[in-house]
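Spelled out, the chains give:
Number of protein chains: 2
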Amino acid sequence: MTESRNKRKCIVAIDAMGGDFAPLNELHGAVLALKEIDNVEVVLVGNEKLIRDTASKESIDISKISIVDAQEVINMSDTPTVAIRKKPNSSLVIGANLVKEKIADAFVSAGNTGAMLAAATLLIGRIKGVGRPTIGASYPTQTGKFTTVFDSGSSVDSKPSHLFEYAIMGSIFASEIYNYPNPTIGLLNVGEEESKGNELALASHQLLKNSKLNFFGNVEGRDIFKGKVDIVVCDGFTGNVVLKLAESVIGFLKIKIKQYADKGILNSLKALVVKNVLKVALKDMDYQSHGGVPVLGVNGIAIVGHGSSSPLAVKNMILRAKEMYDKNLIEKMEEAINKYAVN
Amino acid sequence: MTESRNKRKCIVAIDAMGGDFAPLNELHGAVLALKEIDNVEVVLVGNEKLIRDTASKESIDISKISIVDAQEVINMSDTPTVAIRKKPNSSLVIGANLVKEKIADAFVSAGNTGAMLAAATLLIGRIKGVGRPTIGASYPTQTGKFTTVFDSGSSVDSKPSHLFEYAIMGSIFASEIYNYPNPTIGLLNVGEEESKGNELALASHQLLKNSKLNFFGNVEGRDIFKGKVDIVVCDGFTGNVVLKLAESVIGFLKIKIKQYADKGILNSLKALVVKNVLKVALKDMDYQSHGGVPVLGVNGIAIVGHGSSSPLAVKNMILRAKEMYDKNLIEKMEEAINKYAVN
Chain A
1 MTESRNKRKC IVAIDAMGGD FAPLNELHGA VLALKEIDNV EVVLVGNEKL
51 IRDTASKESI DISKISIVDA QEVINMSDTP TVAIRKKPNS SLVIGANLVK
101 EKIADAFVSA GNTGAMLAAA TLLIGRIKGV GRPTIGASYP TQTGKFTTVF
151 DSGSSVDSKP SHLFEYAIMG SIFASEIYNY PNPTIGLLNV GEEESKGNEL
201 ALASHQLLKN SKLNFFGNVE GRDIFKGKVD IVVCDGFTGN VVLKLAESVI
251 GFLKIKIKQY ADKGILNSLK ALVVKNVLKV ALKDMDYQSH GGVPVLGVNG
301 IAIVGHGSSS PLAVKNMILR AKEMYDKNLI EKMEEAINKY AVN
Chain B
1 MTESRNKRKC IVAIDAMGGD FAPLNELHGA VLALKEIDNV EVVLVGNEKL
51 IRDTASKESI DISKISIVDA QEVINMSDTP TVAIRKKPNS SLVIGANLVK
101 EKIADAFVSA GNTGAMLAAA TLLIGRIKGV GRPTIGASYP TQTGKFTTVF
151 DSGSSVDSKP SHLFEYAIMG SIFASEIYNY PNPTIGLLNV GEEESKGNEL
201 ALASHQLLKN SKLNFFGNVE GRDIFKGKVD IVVCDGFTGN VVLKLAESVI
251 GFLKIKIKQY ADKGILNSLK ALVVKNVLKV ALKDMDYQSH GGVPVLGVNG
301 IAIVGHGSSS PLAVKNMILR AKEMYDKNLI EKMEEAINKY AVN
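Line order of the protein sequences matches chains A and B.
1 is the number of the first residue of the first sequence in the working numbering; add one for each residue after it.
1 is the number of the first residue of the second sequence in the working numbering; add one for each residue after it.
Just so you know, the hints here were simulated from the structure itself, not pulled from any lab data.
Hints may contain errors.
To be verified - Okay, derived cross-link-like pairs now, DMTMM-like style, lysine to aspartate or glutamate, Cα gap no bigger than 20 Å in a straight line:
(1) Lys226/B with Asp78/A
(2) Lys254/A with Asp262/B
(3) Lys254/A with Asp286/B
(4) Lys275/A with Glu58/B
Unchecked claim - Computed far set for chain B versus chain A, every beta-carbon distance over 10 Å:
(5) His28
(6) Val43
(7) Thr54
(8) Asn75
(9) Lys102
(10) Arg132
(11) Thr141
(12) Pro160
(13) Glu220
(14) Arg222
(15) Gly236
(16) His306
(17) Leu312
By construction, the Cβ of each residue, glycine as well, lies at the ideal position given by its N, Cα and C atoms.
Please put together the full structure from these sequences, using the hints given.
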């Protein structure tokens with residue numbers, strides 16, 4: 001099956017109305033992806049007239065791209081589950097349904113993350129045995145490798161069994177997408193000792209310790225940037241706070257350096273050097289280059305990107321979708337869930 | 001009462017065996033503090049022979065400092081509550097008891113944070129009406145002000161009433177220690193909307209919203225370095241992860257810049273500029289200069305510092321203890337707890 005599937009094209013549907021700069025960046029990103037990789041077909045889902053007008057105005061050649069018309073748009077401010085129900089003709093709902101109906105192999109969106117998660121979970125559906133689909137966030141580390149934290153905010157009241165699922169799915173993600181052999185799993189906690197932690201952490205530690213997963217033990221907040229483990233699992237509340245705090249570091253640095261630069265001409269010259277060095281030294285922290293993160297645990301490929309996704313980010317989302325398709329990631333997730341499941 | 005107290009000397013007991021470089025840094029810090037401020041008396045609590053030998057060997061003049069002998073030491077690896085009970089002759093227990101018995105006005109330690117919290121809570125005792133004493137962590141922000149997060153790990157399974165107490169005590173801390181008038185309070189959450197969050201956040205939001213405190217609303221991980229509010233409240237699990245993640249940022253930057261510098265002579269010259277600029281631009285992130293954080297909610301002044309506290313950090317802990325004493329912070333905490341308490 002792997003063989004035959006890899007021979008045919010991978011069809012990636014894109015939410016053309018999703019990002020803050022939609023549909024422009026989505027169009028550019030789609031064209032970039034088609035230039036870079038073979039065996040992929042791109043479908044733009046969105047307001048057809050707007051898509052064609054934008055392509056024409058910006059001289060973007062979309063002749064090789066098909067369009068599926070969608071008259072509604074789910075905004076960033078929409079309540080996810082409500083929007084999914086009340087906007088059946090939205091690009092996000094139609095795109096997810098293309099995957100559900102096996103018309104497309106993957107769906108990518110830079111739109112409302114919560115709505116994408118809801119659409120993936122409710123429309124595409126969960127993999128058998130998965131209680132809670134999850135979205136991870138990958139952090140650059142001092143080792144040069146990435147550490148991916150699950151969950152980063154898909155659900156806020158997580159149970160030990162959910163953290164256990166995140167560990168299984170995260171392992172497949174790290175080994176297949178990052179090519180890390182036998183990835184290590186850490187449990188985010190307030191101390192290294194087994195006796196440390198809140199109720200959730202204590203119970204999750206026991207579940208992970210008694211499993212056949214490659215469990216390293218507890219890790220702390222400082223171990224994320226250190227790259228102590230490949231996968232970190234935690235409840236979605238903590239993971240979301242960590243994600244937003246970590247993402248704010250670059251902006252904080254920029255402002256502090258600007259404040260320094262504003263104190264004189266010599267300072268501003270030095271600050272210029274700093275900006276150039278940090279741009280190179282911290283290039284891993286450019287979240288655009290990651291190109292979105294997959295919703296893991298659903299029965300199809302669904303990738304969600306930043307609202308501010310650049311054409312490069314959109315291209316990378318499509319590339320990642322294709323990679324997940326080629327590597328049969330969904331099937332591998334299902335196998336792993338069955339293999340390691342406690343019950 | 002305020003008048004008469006401020007006229008007499010503030011007696012600060014120091015855990016001379018606490019930090020990683022004890023008793024050396026404690027001795028140096030004590031001498032620095034005595035040089036800088038009047039009306040303070042310092043008591044070193046620890047192994048008297050070791051203290052005298054160290055002072056003699058390093059030519060530190062401790063003639064103005066009294067010593068209270070303590071033959072035991074609580075180590076960083078000791079389990080807090082067990083250590084408090086099993087090591088009654090430790091510097092940490094004796095120091096806390098000096099405050100309990102009103103022999104000293106304050107106790108500062110760069111030792112085991114958990115043990116210091118336990119000693120402060122169990123020996124000095126809680127302020128009436130306080131369920132959970134708390135330790136905050138102050139973060140530099142892009143506004144130049146500090147944002148202090150309570151709780152930073154004192155307890156991991158927090159209840160809404162605890163977060164409410166943190167908000168009250170944090171307000172007093174920010175207005176008295178940082179001189180921020182009517183400080184704003186944010187609830188750490190996964191989104192700005194009132195409907196967002198886990199069970200704890202949802203219930204805490206209602207408690208804070210319906211109180212007379214200066215509640216701003218929900219804040220997210222990114223709002224800490226932005227300095228959106230003066231005080232952030234959250235459960236100690238999340239707060240501890242945030243603290244350790246934030247503290248790791250500088251180390252991560254240093255390593256990334258070193259990796260850049262190692263790629264050639266031009267790079268290493270540029271990296272030198274970067275290091276010098278960041279040292280100035282990010283000087284607020286030097287946790288040593290804060291000089292420890294008080295245990296809030298206990299019936300006496302107790303300040304805990306980093307294990308790696310420098311002499312400067314120890315000096316700043318003593319200065320902060322003196323400031324808290326002069327400002328009658330404990331009495332103000334008690335008044336505020338009574339004023340805002342729900343019951």
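Status of each hint after checking the structure:
no. : hint                   : verdict
1   : Lys226/B with Asp78/A  : violated, 25 Å
2   : Lys254/A with Asp262/B : violated, 24 Å
3   : Lys254/A with Asp286/B : holds, 18 Å
4   : Lys275/A with Glu58/B  : violated, 43 Å
5   : His28                  : holds, 27 Å
6   : Val43                  : holds, 31 Å
7   : Thr54                  : holds, 31 Å
8   : Asn75                  : holds, 14 Å
9   : Lys102                 : holds, 33 Å
10  : Arg132                 : holds, 14 Å
11  : Thr141                 : violated, 8 Å
12  : Pro160                 : holds, 14 Å
13  : Glu220                 : violated, 5 Å
14  : Arg222                 : violated, 4 Å
15  : Gly236                 : violated, 8 Å
16  : His306                 : holds, 13 Å
17  : Leu312                 : holds, 22 Å
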